[in-house]
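Engineer: What follows is each chain in one-letter form.
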Amino acid sequence: MRAELDQTPRSLLVSERSSFRDQKTRIRAQVEQLHFNYKVSVLLPECCSAPPHLDSIFNTFNSFYLIRNLPVYELLDKNFLETAVYQGSVYGVSYRTRIDEDNCVALTPKGHLTLSLDKDSFEILGVEGKPSRFNHRTKCRFVVSVDLTDSSMAPGGRGYQRLLTGLRSRLQLKTDFLLSHYPGGGASLQALLSRYDWSEHRPQISRHTLTDLSCPALLTSDLQSCDPHSFMEWVGAVDANVSCENSSSSFLSSLVCPEPRTTVSRALSVSVCGLLLPHDVHRLIQEIRCYLEQPHLESWVCLTVHGYADSPVSWGDNEHSVLKGGENFYSLLMFQDDTYHLHLATGAHDTCPP
Amino acid sequence: MSVFMDLNLSYTNDKSRMQSLIETAAHLGYSTVAINYTYELTIKKSKVPVPTPIKDLMEKLPIVQGRCRPIRVLNRLTVVMSEQCHFKKTGREFSAYDLLAVQPATEKLFHAVERGIMFEVSYSAAIRDSTMRRYTIANAVSLVETCKGKNLILSSAAEKPLELRGPYDISNLGLLFGLSDGDAKEAVSSACRSVVLHGETRKTAGGIVHTMKCCSETPDQQEAPPADCEAPAAKRAKQLTE
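So the sequence lines, in the order shown, correspond to chains V and W. Under my numbering, the residues of the first sequence are numbered 1390 to 1743, in order. Under my numbering, the residues of the second sequence are numbered 2 to 243, in order.
Since the hints were made in silico from the structure, they are not lab data. Given the structure is predicted, the values throughout are model-derived calculations rather than measurements. Among these hints, one or two may not hold up.
In silico DSS-like links for lysine-lysine, alpha-carbon gap of 27 Å or less [unchecked claim]:
no. : chain 1 : residue 1 : chain 2 : residue 2
1   : V       : K1713     : V       : K1519
2   : W       : K151      : W       : K204
3   : W       : K161      : V       : K1508
4   : V       : K1563     : V       : K1428
5   : V       : K1563     : W       : K151
6   : W       : K109      : V       : K1508
7   : W       : K149      : V       : K1563
8   : V       : K1508     : W       : K204
Some chain V residues flagged as far from chain W (calculated, every beta-carbon gap over 10 Å) [what the hints assert, rightly or not]:
no. : residue
9   : K1413
10  : V1516
11  : S1619
Residues on chain V that point at chain W, a partial pick, calculated with CB under 7 Å [said to hold, decoys possible]:
no. : residue
12  : E1471
13  : D1489
14  : H1525
15  : D1536
For every residue, glycine included, the Cβ atom is placed at its ideal position computed from N, Cα and C.
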């Protein structure tokens, strides 16, 4: 038996401490770069119901659209490019496609179209691409990355025609697609939506009140009592509603709250799920900062943002894939004095977060 | 990586159990499964079993969990050989099967098979019985050491739906057998894909030319129906220019 059985697949955790008032803070860029956010969870200690301002932010997250069986060549439609892609920020990712099994598509706000294709589809498409960074022995996955705003991809150009012909007649790739647009909302997407079976969705919000929650103590900006890994484990356990009691009669969970710990009589956990835009995450961060300015029993709030596990790209345009888990998320622990601890985490098949 | 496959679901006459097996496999995330029929070569007068058409087994195939496509079901034949016998794999009775496998019962035959294609390790025996669990792990570890983690597929040989496990779980089981993370995942995906493609080439000439009989509507047509040549999707021969 090999000795490596006690090793788990590689994962990356980048931890950073800074302040919102610091000139060199990169928080804005770090939030912007994770384009496809699936879930945002907020943990508010000593709070049983969210204050109205915070609640209104949750309720005003952007709507998104689900298009069934969209032919991918439609993303190259001249009208769509002019009204949506060139004008603002379009966020689009294929839905119900697994990154390690299927062909996946992503459209980032800067107009980058990424196709993560299996070997057969890539060879049929006949467009320039690169083998995936995460291929094992054989090259079975390829990535085609195209900048739709570049002059070579202008409608009518050679590169554009080749990709369009490939997607229209050779490969005929169709997939369910999640689409969102900022700031215009749905108006600029109407022409595309009207041609196919589409539905508009509001992000799903769920709220849980937790009682007698064990929290790590001494959570202040200059001293974090526990190491980042234990802290992240605890945040995950709270978010997933997993008990940290570790009682001797239960074998379900042996997770514990890191020491030193304190007990908070009540806490509120709010989650929002859907295709969530970085812009809305920014607004939420600013609102939480305002919330923290007022005096509270506990002087911290924890915000966690999860990226899509099956997205072809994670931060920026960096390739993302799934080995055992496709996690790409960050956790922002915010304090009363405008300082924060940021933890960015990815799985084995991913690049280092920014 | 390619889609997850379980290339060994044991065939039973119980139609509802077969349906349940296929539904469970789709629910667990397998995109392709193969129904395994066993044939003992040495028993005299035993005929190669005729596979039940998939349409008769299940009218509507279930959608694979997390994807939008239905599960693909193939037919597989395992030939159990306990002595050196003449085995002609291109016989007509085998053409109904998508995959052919050989189960050597002696070590001598095992070496003969060795220069062949892929090895398979089945895990459901390990679920049913603790002694078999030890043997399965021990044998699999030896096999992995010999073939260095390549050319290996993991499958269930499940007789009941409860004996099936999800692809990521089986990939973890591969770690117990001594495979690396990447190899273990390939053993349930890309390696299985190679097996299925290889099975498809049995019906072609050299893996390149595939012929299909054209149905002619007029029965008194004199000339033979033309063969339709269909090259596989990717490659074309280079045109040599002088």
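Engineer: If a hint holds in the structure, say so; if it does not, say that too.
Structural biologist: Verification of the hints:
1. V:K1713 - V:K1519: 23 Å, holds
2. W:K151 - W:K204: Holds: K151 (chain W) and K204 (chain W) sit about 25 Å apart, inside 27 Å.
3. W:K161 - V:K1508: Violated, because 34 Å separates the two Cα atoms, which is more than 27 Å.
4. V:K1563 - V:K1428: 26 Å, holds
5. V:K1563 - W:K151: With a Cα-Cα distance of about 34 Å, the restraint between K1563 (chain V) and K151 (chain W) is violated, given a limit of 27 Å.
6. W:K109 - V:K1508: 38 Å, violated
7. W:K149 - V:K1563: 39 Å, violated
8. V:K1508 - W:K204: Answer holds: K1508 (chain V) to K204 (chain W) is near 22 Å, not above 27 Å.
9. K1413: Answer for K1413 (chain V): holds, closest chain W Cβ roughly 38 Å.
10. V1516: Answer for V1516 (chain V): holds, closest chain W Cβ roughly 14 Å.
11. S1619: 24 Å, holds
12. E1471: At about 30 Å, which exceeds the 7 Å cut-off, the nearest Cβ of chain W leaves the hint on E1471 (chain V) violated.
13. D1489: 4 Å, holds
14. H1525: 4 Å, holds
15. D1536: Hint violated; D1536 (chain V) Cβ to chain W Cβ min 27 Å, cut 7 Å.
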